[in-house]
Every structure is written in C-alpha cells, then in structure tokens.
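*Asks:* So you can see what is in the structure, the chains are spelled out below.
2 protein chains.
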Amino acid sequence: MNTTDLKITLAQYNVTIGDFDIIFQRVSDVMTLAERDGSDVVVFPELFLSGYPPLDRLEQESFLSKVALCLDKLKTLTEKTALIIGAPEKNKSGKGKALYNSALFLHEGKILHTARKGLIPNYDVFDEYRYFEPSDEFKVVEFKGHKIALTICEDLWDKSDALEYKIHPMEVLMQQNPDCIINIAASPFDYLKYQSRKNILIRKAEQTKLPLFYVNNMGAQAELIFDGGSMAISPKGEVCGQMRFFEEDCRTFSLNDIKSNMNPLKDIDIPAVEKIYQALVLGIRDYFSKTGFKKAVLGLSGGVDSALVAVLAAHALGSDNVQAIFLPTAYSSDESLNDARLLAEHLKMPFEIVSIESSFRNVLGTLQPVFKGMEEDITEENIQSRLRGMMLMAFSNKFGNILLNTSNKSEMATGYGTLYGDMCGSLSVIGDLYKTQVYELCRYINREEEIIPENILTKAPTAELKPGQKDSDSLPEYSLLDTVLFHYLEIGSTFETICGLPDVGQELAAKIVQMVDRNEFKRFQAPPVLRVSPKAFGMGRRFPLVGKM
Amino acid sequence: MNTTDLKITLAQYNVTIGDFDIIFQRVSDVMTLAERDGSDVVVFPELFLSGYPPLDRLEQESFLSKVALCLDKLKTLTEKTALIIGAPEKNKSGKGKALYNSALFLHEGKILHTARKGLIPNYDVFDEYRYFEPSDEFKVVEFKGHKIALTICEDLWDKSDALEYKIHPMEVLMQQNPDCIINIAASPFDYLKYQSRKNILIRKAEQTKLPLFYVNNMGAQAELIFDGGSMAISPKGEVCGQMRFFEEDCRTFSLNDIKSNMNPLKDIDIPAVEKIYQALVLGIRDYFSKTGFKKAVLGLSGGVDSALVAVLAAHALGSDNVQAIFLPTAYSSDESLNDARLLAEHLKMPFEIVSIESSFRNVLGTLQPVFKGMEEDITEENIQSRLRGMMLMAFSNKFGNILLNTSNKSEMATGYGTLYGDMCGSLSVIGDLYKTQVYELCRYINREEEIIPENILTKAPTAELKPGQKDSDSLPEYSLLDTVLFHYLEIGSTFETICGLPDVGQELAAKIVQMVDRNEFKRFQAPPVLRVSPKAFGMGRRFPLVGKM
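Heads up: the sequence lines are chains F and X, in that order. Per the numbering used here, the very first residue in the first sequence carries number 9; after that it's consecutive. Per the numbering used here, the very first residue in the second sequence carries number 9; after that it's consecutive.
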C-alpha cells in the first residue's frame, strides 16, 4: 500500500445553473490557490459544471455545447494539480439515455478517468432517470500511486440505505483494493438529512476501512436548498473534517491525516429549528441573487406567518430591501395594525399602509347587480384576499421587487388560502413549515430579544376576512391538524394509523385527508416552495389533479 | 400452429383515477356482454385497474389495497371469458422499485399469467421509473391452444422507435413462437401521435408476421388526453379493425379474420385541426365530469382566444352551462363588445357585462399616494387584468362554476400575460395552441356557418389595456413568432438553426428565446394545460426556475 501523502482539496461553491463563466472562474480561482498550497487534487460536487439540477436544459444541444466548451477550458487548469468535477457526459454507445452523470478526473490537460453514476435517483424531488443512463462499470482510478474509489452520490450507498437498488457499485470497487474513497454529491437539505447522510458515510468508511472524502453541493436553486457540509471521515468512522453549512467553503485535507484518524471531531449537529432558519435565509437570498433581484415586498397582516417571513427576508436581503405593507379593511383590528407596525419598527423595515376597504366596497358594488339576493359567503372573503394580492403585485410591478408568499404548509395542505390572493408570490418562503413549526421558528428568533412582538405569538390566529373570524372556526386546532398532516404527508401513514392517533378518530382524520386531497388544484398553481422537510409540496410530491379520493 | 379461432374483445372505457367502484362496474358490464357473445378474452388498457396516470397515489398503501381488493372482485368475473387488464403489481423480490406495471391475464378466477413492462418510459410527460421496476423476463402466455405475446405499451417498440432502449422484449417473445400479439397501452394524444403509433404497430405486425391487437386508454386526466383508437392489425400490416377516437368503444375481433387480413381498411386519418378540436372538447368535458362540476365561467373579450374557448366549452358542457362575461374598461372598444355579444348570441350562451372601470379607477386612487410622480407602465395594465381575474373568480366562487383560462401557447411562451390576471383559471383550454393555430381552429369551426363572428378573425389582436394598444406593439408578428416558438419548443432546434429561418435573424431569435426562458416563473403558476402537441407546457417540459439563460 502506498504511504506517500495526498493532499485533497474539497470545494463547495454556490453557482447558478448554466452560469458557465462564473463556474469556470470559481474553479479557476480554487485551482490557483490549491496549486499554490501544493494540493494534489481539487474536488467539486456532482454536476458542478452545469449547476444542479439542470433539468430539461440537458436536452438542449446549445447547453451541452457550453458544458463541453467550459470543460475544455477547465482542462487547461490541470497541468499540475488535478481536478475532479461533476458534469453531464454524452453517452456515445448509442444505447440507453443520452447522458451519463459523471465525475471527470482531469490531469495534465486530459481526462485521466471518468466515473459514471450507477444508482440514478428517480423519486421524491429527483428525476435523474429522465436524462441519465445508469452505468454498470466501476473502476478505481490510479493517481500518484494511490487507488481512488471515485463515486457519485448514491453510488456510495448500499443495500441497507436503499432497498430498491439492484447493483452495488462500492462492492465492485472494493474488489479493486482502493486506498481511499472520494464521493461527489448534490444532496439537498432537509431538517433530517444531515444525520442520515453522515450515518451512511460513517458506516461506509467503517465497512471499507478506508478514508472517505465527501463533497456536497452548496446553494439554493428555487425549491431545492443544498447545505454543503462536506466531510472527511477516517477509516474508524469518525468525522475528522467538517466543512461549513449553508456557506461556501474550501478545505485541503491530508490523506494520511484522515487515514490515521487525526483530530476526530465531536458531533457538531445543531437543532433542526436553527438549520431550518439558515436554510430559509439562504433560499431567499439565492432566489433573489440568482434572478438578479434585490428587493422584496410582502403583506404584513399582524399575524405570525407574515411576521416570520419578514424576519427571514430582512436577514436574507437587508431590512432596507424589504417593503412591508399592511392592507386593512374594516375587519382589521387595531391590534393587527399595531403588531405589524411594531414588527416593522423592530426590523427597521419600510412600512406602508394601503387600505383596501374602499376598493373592496367598490368591487362589491360592481357585483351587487349580478349577486343580488345572494348571501355573503366565501366569495366576499376571497375578494379581500385577491385585492391584497393585486395591491402587492402592483408594488412588485411598479418598483421591480419580488412578492414573497407567506402561506404555511398547514394552509397549503388544507386549502385554507385564496388562489390569486394570499397564494400570490414568486417564492413561498414558509410553505414547507406547518403552523406549529412557524411558531417554533418565531420562538427561536426571539430567543434573546423580542424581535417578533410577543402578542403576535400569543393571540389566536385569524384571517380577519369577516367580523370575529378565527382560524379555529374552519380548521381543527393546529397542534392536532399538524400531527395528522405530518402523518399523512411525511410519514405516509395509513388511514387506520391516522385514526388511531391521540384525539384524532375517524371523522377528523377523514376530514383532514379529504381537505388535502381536494386541494391539489390550488397547490398546482402555488409558488415554488423552499423545501426544508423530507416531503415538501412541489416537485417532490405529484398527485393527480383529477381523481376519485 | 393452432387454427381454431379466438374471439378477442378490445375495450376502451373512460374512467377516473382511483374510482374503483366504477372501474369494477365497467369491466363487469363488458364481461357480461362479452360472455354472452362468446368472446374468449376481453382486453382493457394499461393500468386500467387504477386509472392512468395514478402518480404518487402508487406510493400510498391505502390506494394499493383498493387495487388489490378490486382485483379480487374482478377475478370472480372470469369463470368463462378471460380478462386481460393493466394494473400496478407489487414487486415482491425485495430488489428494485416497489411495483411492476403489469398486464394481468385472469381466467377461471385465477391469475393465469402476468406480463410485466420492461421498457419504462421516463421522458416528456412520463415518470414511470419513479414507481415501476423494469422487467427483464418476457414469456408468451398459452390460452386455449394459442400462444399470445402479451405486451405493455412501449415493450412492443423496437430499436428504430426508441434508440435509447437497451432491451427488446419482442425479440425475446418471438423466440417462443407466439401466434398473436396483444398490446395494452396508455398512449396520450397529440396531433402527430396517431400516425407514429400506427406506423409502429404496422411495422411490428409486418416484422413478426403476426396479427396484432392494440387497446389504448381513452379519456382525459387533467393535462393528458387519451384518444382511444384501439386497433387490430393483420400480419400483412393492414389495419383491419379501427375503434373510435375520443369515445368509449368495445369491439370483438376474430383472431382468424385478422390473421387472414379480412376487410382491411383505408387510411382513416383525419386532419390535425379536427383531432385537436375533438381532443379539447373531451379534455374540458372530462375535467368537469371527473371533478364533479357542471358549469363554467369565462371572460369574453371580443378577441379570438376567448371566442375559441367559448365555442369549445359550449360544445363540451352545453351552452347553458357556460357563463360568458364581458369586463370592459374605458379602453374597451364598442367593436369588442359587439363581437363578444354576437358570439354569445350565436352560441346561445348567457352573457353578462361587468365593467371594471370604476374599480380600476378606485384602485388607482388608492395607490396614487404611494405611486405619486411615477409614470404609468405595465403596472396599470396588470391591475386591469387582475381585476378581471378577480371578478371572474368571484363568479366562480359565488355560483360554484369553474373558471376556464383562455391563454394561448404563444402568450404562455413569451410571458405576454398577467399572473393572477388573464392567467387565472382551473384549466387552460388552449394553452397548447399557438396563436396561428387558434385562428386555424376558428376557421375550422366556421367551415360551414359563421359561429365565430368574422370580425373576430380579421381584426388585429389587442389586449385593450391602454389606448390604441395592439399585440404587435410588444410581440413580433404571430406567424413569425409561432415559427420560432415551434422550432425552439417542439423541434428543439439549435439557436443557429432558428437564426437561419426565413425573416428571423439573430436579433429576433435571441429576443424570442429570451422571452421564453425568462418567463419560466409565470408558467410555474399557470393552470394545467390540455396537451395536444408533442411538447406542451406543464409536466412534459421541466426547466429550472432560476438559471443563467
């Protein structure tokens, strides 16, 4: 076995899909530094060369040409230090899908080795089989006398991690006696992911008795948030290197240090609520920076949901860049106004009041002849919500800022929201947080000082769309509702299990499940939701719009 | 070779996903008739037992239990006549995806044979690899002395049809000397599909020198429209039996008749425009009937798009069930009102006028203090569009009818539409028709009498959101625009090819491509679009929301 050292640089950088100039520049900068520091090889994440996930851009020849051009330029950077980078690679066999999801090992201006992904995820938010042919050939790469098992994301997993896979790339690679493992990944964040990801890596290092270098994607691409957190793990299964979460980072490791279990770290995991907070801030910030916008607008109702979004947006974009608007009717209470205004003051956020009462009355007047003799119902409530959406979109159009949606997951699930009203917005910031989680996050924000006025957290939630209205008039208590929703959506519990939950029973279970099933049509037109849970609304959950429930 | 005859009944029926009582009833009714007529085997389409496509319902245990229960009941129907039906089947191997996409051959109360799909489509609108393990075992089934090659949809295809497939189920089956082929399918309609589908079937019959029985799914499931058109094809490659398009149908064929090329039919293909018309009518009708709604509402602007949607809706639902509303401002012309009113008269459709002028002025007044000193711009145009959307949604809420969206594909592509305004609606009826195709369809509708007032078809298109506005102020001429869009979206031509199209050039090509790419965020929140082309917006086209273009 080779005992000379190898210096391996892991690089997690935040790039935009298809932004090839920046992608090249980022790699080039890191290569320069790494070469200066005597690093042998720099490792970037899965599909870093295109950005992840490129989706149907992969079917566009012009996109693939740009990938090829960028790759040619990257080769020139590898005269001394080598480069491992994820990229879509054309499948020239004429059989199977058009591309491979590959890790390219570049050195001395050439491709020294290509590792192709064998386990192609096609579940939840992943659609990789739409584009990528699974490989069934797995070979270690020899570099400076070392044999490296270079793998891509799920190829490192084994039977116990994903029952469904039929092949086991690591078993094939182990027969070739590698002396270390490098894995490049694009593993999206959810609040449970870090532990499961780390457990997989640790078990694999222990099983193989090899040092393991893992580099993960970092940055948000609309719905998907990548948390970075790249790691180096010793053959004893201890984490000896842990890179930053939700931030760019670059670290050079000595193979021998990791092999000898140098400086193992204590478990550095942080509470879920803190991770979610950081993820959402990154999600907002990247959506804006990657679409070229700086400023946001949102409706501040005095309620807890918009309060939380305001705090997150202020952190992500700067308070000056977030315009808060309070849009009252006669049904709005002074309490709401005071709470909203106080929050804006705490955040030093521009605050406007735009009453929709006059427009509301005007619209009702216009509709009076056609609605003559009919009772008031949900129609009039929705008109208020839609007028608010319209006013907020007018701000968005006039000042060129982006409207942030403030719906939570409990509302999205049950359809307790108005299409084209409070469901407006380019980005749903907290659409993957149940109402109870919204409160948790607010409590976390207020842990040291009262940023969100305490009254917002203690009063009963209301939409204020008619006199004396409370959420609890239409919805079960949130603690109960959220428990049922969590079981139905996240765990996928059977109906019988849900009925058996404390205080639930058949009637309530049926009511809630039906609300979820019947509101698929609303969610179809909802904004993209920042995903922080293992099962978010959006691309990871696909139900028929039309069907017998 | 067996020369005794076999009577094969092909059954294409329109069911709702998960509507197990109706699914059972439909099969039961057909089995009763078929048994009376001495049919040997009845054949239903791919996944008929669940409805197609069931999507993530396939991940719900309760859904799969209902499939199993329904299957047990179906077995009891097969004492005499056999039944072939598509169904999701649990993969009990413990390896690979949880399900197979199977054709179950039921006879004498038992499962005589199970054929499992080997070629699992995962492109365009298909996500089957999300759920289904590909099979690599293909065996003919023996029934009454006949050897039947029972296959599911793409398993019948071969290399020349789909370069990408690595296995060829029909080659395996041919080694077992079948004497006929039965293929069950769920092949969604597009205006080019029938010819390509028929060509594949004909070539396969010719190659194998076998009679081929093909049964296709029928009915619309939100975006996807299945056109039926099941066929029996002789070993000479001639269509000897052709079942109805866009309608339920059931026909019994004699194996020997088809084998001997009895009564070959002339090519019965109809013009694309006629197919599209029928597809859209079915798409509307099924969306309503399967969601339990009867009545529609739509905004009639006096323009060609809403005129076409009104005609289609009237045909699908009955004129009485479609409420047309004209929503003028001061910018609306008498010409528009007259055109809209005349169309409603022609269609005998309820017609209301609801002016948004007063509400528009009121909203502008409300916003005046915050917009003080700023020029009028797109903001004020969007407010009109959103007020219209709000009024239409108020009708929808108050009267419990569904708002039909009237955007066309040229608008959807270029972002020439207002989110939460004219992009409102539960169903986009013509969102897969370019503006030029909208005119074509209108001309087809008017082929015998003037249903759509001629003036609607000859005047210049305008959104009437400011004085003297014409579409051509903001967009290239539609004939040119649509050509470019067709090349970019449908053909997937390279940018260079698009620049080289007559009268296009680099500047215009870049402008149009950029409009398409930049408006992904609007389409993300668009209603589901009835798909009639090979590349529609929606589930079949997935682009990053955030990316460098």
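Everything labelled a hint here was simulated from the structure, so no lab data went into it. Check the hints yourself; a few may be wrong.
No distinction is drawn between identical chains; accordingly, a pair holds when it is met within one copy or between any pair of copies.
Claimed, not checked - Below, computed lysine-lysine pairings styled on DSS-like, alpha-carbon distance capped at 25 Å:
| hint | residue 1 | residue 2 |
| --- | --- | --- |
| 1 | 303 | 174 |
| 2 | 543 | 201 |
| 3 | 519 | 406 |
| 4 | 83 | 174 |
| 5 | 530 | 118 |
| 6 | 519 | 74 |
| 7 | 356 | 174 |
| 8 | 406 | 302 |
| 9 | 152 | 217 |
| 10 | 147 | 467 |
| 11 | 478 | 467 |
| 12 | 98 | 174 |
| 13 | 201 | 103 |
| 14 | 474 | 406 |
| 15 | 356 | 380 |
| 16 | 478 | 406 |
| 17 | 356 | 100 |
| 18 | 302 | 100 |
*Asks:* With identical chains, the pair residue 356 and residue 100 could be close in the same copy or across copies; at 25 Å between alpha carbons, which is it: within, between, both, or neither?
*Replies:* neither (58 Å within a copy, 60 Å between copies)
*Asks:* Is it within, between, both, or neither for residue 406 and residue 302, if the alpha carbons may be no more than 25 Å apart?
*Replies:* Classified as within: same-chain Cα gap 14 Å, cross-chain 39 Å, threshold 25 Å.
*Asks:* With 25 Å as the alpha-carbon cut-off, assign the pair residue 356 and residue 174 to within, between, both or neither.
*Replies:* The answer is neither: 56 Å in one copy and 61 Å across copies each exceed 25 Å.
*Asks:* Please sort residue 98 with residue 174 into within, between, both or neither, judging by C-alpha distance up to 25 Å.
*Replies:* Classified as both; 24 Å inside a copy, 16 Å across copies.
*Asks:* Taking 25 Å as the upper bound on the Cα-Cα distance, should residue 530 and residue 118 be classified as within, between, both, or neither?
*Replies:* neither (51 Å within a copy, 42 Å between copies)
*Asks:* As a check of your reading, is residue 201 near residue 103 (CA-CA no more than 25 Å) within one copy, between copies, both or neither?
*Replies:* between (35 Å within a copy, 24 Å between copies)
*Asks:* Go through the copies and call it for residue 152 and residue 217: within, between, both or neither, with a Cα cutoff of 25 Å.
*Replies:* For residue 152 and residue 217, the Cα distance is within 25 Å only inside one copy (21 Å; across copies 60 Å).
*Asks:* At 25 Å max between alpha carbons, let me know whether residue 478 reaches residue 467 within a copy, between copies, both or neither.
*Replies:* Intra 10 Å, inter 52 Å, cutoff 25 Å: intra-copy only.
*Asks:* How do residue 519 and residue 406 come out at 25 Å by Cα distance, when the copy is not named: within, between, both, or neither?
*Replies:* This pair counts as between: shortest inter-copy Cα distance 23 Å, intra-copy 42 Å.
*Asks:* Within a copy, between copies, both or neither: which one fits residue 302 and residue 100 at a CA-CA cutoff of 25 Å?
*Replies:* Answer is neither; intra-copy 43 Å and inter-copy 53 Å both fail.
*Asks:* Given identical chains, is residue 147 near residue 467, meaning Cα to Cα at most 25 Å, within a copy, between copies, both, or neither?
*Replies:* Result: close neither inside a copy nor across copies, 62 Å intra and 67 Å inter.
*Asks:* Between copies, within a copy, both or neither: which fits residue 356 and residue 380 at Cα up to 25 Å?
*Replies:* between (46 Å within a copy, 23 Å between copies)
Of the numbered hints listed earlier, those contradicted by the structure are 1, 4, 5, 7, 10, 17, 18.
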